[in-house]
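Chains as they are written, first to last, in this note's numbering: chain A, 1 to 465; chain B, 1 to 407.
Among the hints, a few may not be true.
Straight-line alpha carbon distances no greater than 27 Å define the calculated BS3-like cross-link-like pairs of lysine-lysine that follow [to be verified]:
1) 177/B with 210/A
2) 126/B with 368/A
3) 126/B with 129/A
4) 338/A with 314/A
5) 165/A with 286/A
6) 286/A with 177/B
Label-pair restraints from in silico Cβ distances [what the hints assert, rightly or not]:
7) 126/B with 213/A: 29 to 37 Å
8) 264/B with 361/A: 55 to 63 Å
9) 450/A with 398/B: 50 to 58 Å
10) 126/B with 258/A: 44 to 52 Å
11) 44/A with 277/B: 29 to 37 Å
12) 125/B with 342/A: 56 to 64 Å
Read the hints as simulated data drawn from the structure, not as lab findings.
We treat Cβ as the ideally placed atom computed from N, Cα and C, and that holds for glycine.
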Amino acid sequence: MEMLGLYPVWFEPTLGSGWIIGIIATIHVLFSHTSVGAALVFAYLAVVAYRQDRPELLDYIRRYGLFLLVFSYVLGSITGPGIWFSTTVGSPRGISALIHSFVWKWATEWVFFVIEVIGVYMIVYLVNKVDQKTHLRISIIFGLASYTTMLIIIGILSFMLVPGKEAWYTEGGYLNGFYGANTFAQLAMRTAFMFTMTAVVGGIVASSIKDSAFRKEMVRRLAVLGLVATAAGLGLFQWYLTTIPETAELVMQNRLPEYFTPALIGVMGGIFAYFLSTLIAPNWLKPAVASVMTVLILIFGLWPEEVARESIRKPYVAGGYVYSNQVIGRDVPGLGIKSEVETIEDHGFMNSLVFLPENLREITPENKLEVGHALALNTCSNCHSLTDTGIRPLTNYFGADSSESDIASYLRAALSTGTTLYMPQIPLQQDEATALAAYIRNLKQQTETVAQQNADPVTLTQASN
Amino acid sequence: MDVQALYALRDVAGVPSHPVLFLILGVVTFALHLFAVHVMLGGATLTIRGAFSRDQNWRRLANAMLSTAKVAVSVAVVLGVAPLLFVQVIYDPFWYTSNVLSAWWVIGFILILCVAYLLVYVFYGKNEDFTKAKTRCPGSMILSLALFILVGLIMHALTNQMLSPDEWMSWYAPEGKIDASGTQLHSINWARFAFMILLAAPVTGAWLYGYRHYISVRADSESEYLNFLSDLASKMMLVGGIATLAVGAVWMATLPENQASFASNPLMILTALILLALALLPKVLGAKINQGITGYLVVLAALVGVLVVGVDREVIRWFALVVDAGYNPMDYPINMDWYSTILFFVTFAVIGGLACGYLLTVAWQAGHTEGVYTPSAAVTRMGNWTIYAIAIWIVHFFALGFWVWMQ
Numbered sequence: 001m002e003m004l005g006l007y008p009v010w011f012e013p014t015l016g017s018g019w020i021i022g023i024i025a026t027i028h029v030l031f032s033h034t035s036v037g038a039a040l041v042f043a044y045l046a047v048v049a050y051r052q053d054r055p056e057l058l059d060y061i062r063r064y065g066l067f068l069l070v071f072s073y074v075l076g077s078i079t080g081p082g083i084w085f086s087t088t089v090g091s092p093r094g095i096s097a098l099i100h101s102f103v104w105k106w107a108t109e110w111v112f113f114v115i116e117v118i119g120v121y122m123i124v125y126l127v128n129k130v131d132q133k134t135h136l137r138i139s140i141i142f143g144l145a146s147y148t149t150m151l152i153i154i155g156i157l158s159f160m161l162v163p164g165k166e167a168w169y170t171e172g173g174y175l176n177g178f179y180g181a182n183t184f185a186q187l188a189m190r191t192a193f194m195f196t197m198t199a200v201v202g203g204i205v206a207s208s209i210k211d212s213a214f215r216k217e218m219v220r221r222l223a224v225l226g227l228v229a230t231a232a233g234l235g236l237f238q239w240y241l242t243t244i245p246e247t248a249e250l251v252m253q254n255r256l257p258e259y260f261t262p263a264l265i266g267v268m269g270g271i272f273a274y275f276l277s278t279l280i281a282p283n284w285l286k287p288a289v290a291s292v293m294t295v296l297i298l299i300f301g302l303w304p305e306e307v308a309r310e311s312i313r314k315p316y317v318a319g320g321y322v323y324s325n326q327v328i329g330r331d332v333p334g335l336g337i338k339s340e341v342e343t344i345e346d347h348g349f350m351n352s353l354v355f356l357p358e359n360l361r362e363i364t365p366e367n368k369l370e371v372g373h374a375l376a377l378n379t380c381s382n383c384h385s386l387t388d389t390g391i392r393p394l395t396n397y398f399g400a401d402s403s404e405s406d407i408a409s410y411l412r413a414a415l416s417t418g419t420t421l422y423m424p425q426i427p428l429q430q431d432e433a434t435a436l437a438a439y440i441r442n443l444k445q446q447t448e449t450v451a452q453q454n455a456d457p458v459t460l461t462q463a464s465n
Numbered sequence: 001m002d003v004q005a006l007y008a009l010r011d012v013a014g015v016p017s018h019p020v021l022f023l024i025l026g027v028v029t030f031a032l033h034l035f036a037v038h039v040m041l042g043g044a045t046l047t048i049r050g051a052f053s054r055d056q057n058w059r060r061l062a063n064a065m066l067s068t069a070k071v072a073v074s075v076a077v078v079l080g081v082a083p084l085l086f087v088q089v090i091y092d093p094f095w096y097t098s099n100v101l102s103a104w105w106v107i108g109f110i111l112i113l114c115v116a117y118l119l120v121y122v123f124y125g126k127n128e129d130f131t132k133a134k135t136r137c138p139g140s141m142i143l144s145l146a147l148f149i150l151v152g153l154i155m156h157a158l159t160n161q162m163l164s165p166d167e168w169m170s171w172y173a174p175e176g177k178i179d180a181s182g183t184q185l186h187s188i189n190w191a192r193f194a195f196m197i198l199l200a201a202p203v204t205g206a207w208l209y210g211y212r213h214y215i216s217v218r219a220d221s222e223s224e225y226l227n228f229l230s231d232l233a234s235k236m237m238l239v240g241g242i243a244t245l246a247v248g249a250v251w252m253a254t255l256p257e258n259q260a261s262f263a264s265n266p267l268m269i270l271t272a273l274i275l276l277a278l279a280l281l282p283k284v285l286g287a288k289i290n291q292g293i294t295g296y297l298v299v300l301a302a303l304v305g306v307l308v309v310g311v312d313r314e315v316i317r318w319f320a321l322v323v324d325a326g327y328n329p330m331d332y333p334i335n336m337d338w339y340s341t342i343l344f345f346v347t348f349a350v351i352g353g354l355a356c357g358y359l360l361t362v363a364w365q366a367g368h369t370e371g372v373y374t375p376s377a378a379v380t381r382m383g384n385w386t387i388y389a390i391a392i393w394i395v396h397f398f399a400l401g402f403w404v405w406m407q
């Protein structure tokens, strides 16, 4: 038997594994970007504190650092590996592809991560316990190590969308995969927005400073940082857009919700207004206001960004060769990787899947729905929820009057040939398409029945009868 | 599961260096992670014990152990990232399958760990000094410890499930029906888990000897407190060590069939002897254990003990996966990438060595100094070299990157 190395599937019916990955990733981006930006701001403030003999700046570093210990280094350091864990269960071959190409780069990042964690404790707990020059030196080491972790991860994030150089497909090699226009554009853009987040989160600590003059100074410094960073980020975002592959651009134009662009403009406008207000009237800023702003950025800024980043990779999930449904979708001769589409075309899914009960390998009228369920889990559920909630519910894509044969025809025509831009090629055999269609039709009927029951609630009189 | 299926699950990209490198790094970094976990568990337990005591020595110890546990969680998390990375490289078919089959627990692991860690900070925030005030909110620390043990149990189950590929299909599709919910933990070896947790007792005992020596050179150290520490450390190593060995014997007696050969392996006997020696160390050394740097050497001995346990864990995995299931991680196809391989080792040795050397020396010396600590010229030089080394690394990153980009 020709085997297809697909793992078992985890299906989460309420949110969907994709959204769970997205939620954890979004939270982690907030923590990690804030901490990296803050580390660089700390290094800058430590220099100023040392040159101008301003110990109150060191106190601010200590207070913000203590806050970050919980905010970023408790929650951030756990949600970082948390992304690994969630992608492991949601997209095992996707994360595996990244791990196997970039294991040494991640290991290198780990070295800097260790330095960063030691550093944050030291800059917090050694203020006034070591001489100022030593504290400055530690702050610089902390800042540089922290930023280096960002340098490394950005190359891997870029690879998820597209390998740095097209030559990676034919020649392989870490450098070809890691470095490219998108790597640097994304690095520049994220660096800018990272300072935006640092300025917002830093406001929580700055607005609680007791000394009025110093509080105003710090709030204003952060406002200037936020304004400059956000303006730069917007410009760099335009550069970033020029570096994404053509397919991603098309997906952006056609698949992102209509409200995406106006919402983005609204979010940026809101951020500008916020920083302008705190620049003009720093006393207006209170810890609660800055906290609410942090949550708003998380929900209205980072979440859509992460969703868009996930969407524009379609139909791939990593490196432009691992489909979102975990099948290897193209040849990568540079690493000796062969597309699995041909294997599926020749043998079918049911004869190739490793994790499939033996009683489902042969499709019969009795097991057709179960086979369809297994196929839906393996080929659809990564991007389409099999319930009526969660990520892009599968039943939403078929009309109420679609018959089983209509659905089967669509599956064979559009998916098996790979002619839908953002969908993987799913070369179903005729009997597999029929089984999947039967399952989708059945699912659709169940959803409609539930919707009907909800629309026609049982009245008190009916119930008493 | 058919060995051909296991090989089919392998990543198609191969690995960028010889698999043995990942194996060795995985074992070493796991041992360091486990050591930090033990100090964290032991520190948290002693904190709770001290926080409930009226004895001033206990309360003083609770102060120190709460700080220790707080930092140890960070260290355990950061060190845990490395073995988590390496296990995915060479044992990917087993690790990923095990995780997917218990997916909700994997997600739960992250959430529970976050809550457990935050609870440490809640307890820390509520109790500035146990020697000066009553204990507040002890439930937070107790709950935290319970949750840490729970995340340990989840990680144990994920590791254990890896070792039973023959069971996977029955877990994924019991009676031929696919269950993709990921809500079950399928395989727990309670004796193995208890052994790993109990090992925290002798390890923390050894840690206390190190702590005792560290504070003994300070002017504010009191002999009564030092003697209290010494007695407690001795008991923890002896009683905890023997209890760990007893549970270890149960583990060996109840090893599943595919791992059972390890029970008669010479390495098992060697491990038992090393752990026994560790438990008896305070009795053998007597008063000498409190002299010179012996306290630190005891910590080192505990680290060696944990390292041996880490090796055992790998050998057991080898029995289950290589000998029994027929899957050999050493024949993973290699797509050698010299640049990233060398970059890691150079970064690890040069920047990691310099930075950790500098930062830990400063932290260590500052803790020993009353008032403001100013490092010696040699230590300061190490700090400056660290900055230069990281700066050069960043310059190299951009220079090489731009060159590749422009090609």
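Against the structure, the hints come out as follows:
Distance restraint check for residue 177/B and residue 210/A: the Cα-Cα separation of roughly 63 Å exceeds the 27 Å cut-off, and the hinted pair is therefore not satisfied. Between residue 126/B and residue 368/A, the direct Cα distance comes to roughly 60 Å. Violation of the 27 Å bound is thereby established for this hinted pair. For the proposed pair residue 126/B and residue 129/A, the alpha carbon gap of about 24 Å is at most 27 Å, so the pair holds. The suggested pairing of residue 338/A with residue 314/A holds, with an alpha-carbon distance near 20 Å, which does not exceed 27 Å.
Restraint check for residue 165/A and residue 286/A: the C-alpha separation of about 47 Å exceeds 27 Å, so the hint is violated. Note on residue 286/A and residue 177/B: the hinted pairing is violated, with a Cα-Cα distance of about 56 Å set against a maximum of 27 Å. The hinted window of 29 to 37 Å between residue 126/B and residue 213/A holds, with their beta carbons roughly 32 Å apart. For the hinted restraint 55 to 63 Å between residue 264/B and residue 361/A, the CB-CB distance of approximately 41 Å leaves it violated.
Evaluation of the 50 to 58 Å hint for residue 450/A and residue 398/B yields a pass: the beta carbon distance comes to about 56 Å. For the pair residue 126/B and residue 258/A, the supplied restraint of 44 to 52 Å holds, since their beta-carbon distance comes to about 49 Å. The beta-carbon spacing between residue 44/A and residue 277/B, approximately 52 Å, falls outside the hinted interval of 29 to 37 Å. Separated by about 60 Å at the C-beta atoms, residue 125/B and residue 342/A satisfy the suggested range of 56 to 64 Å.
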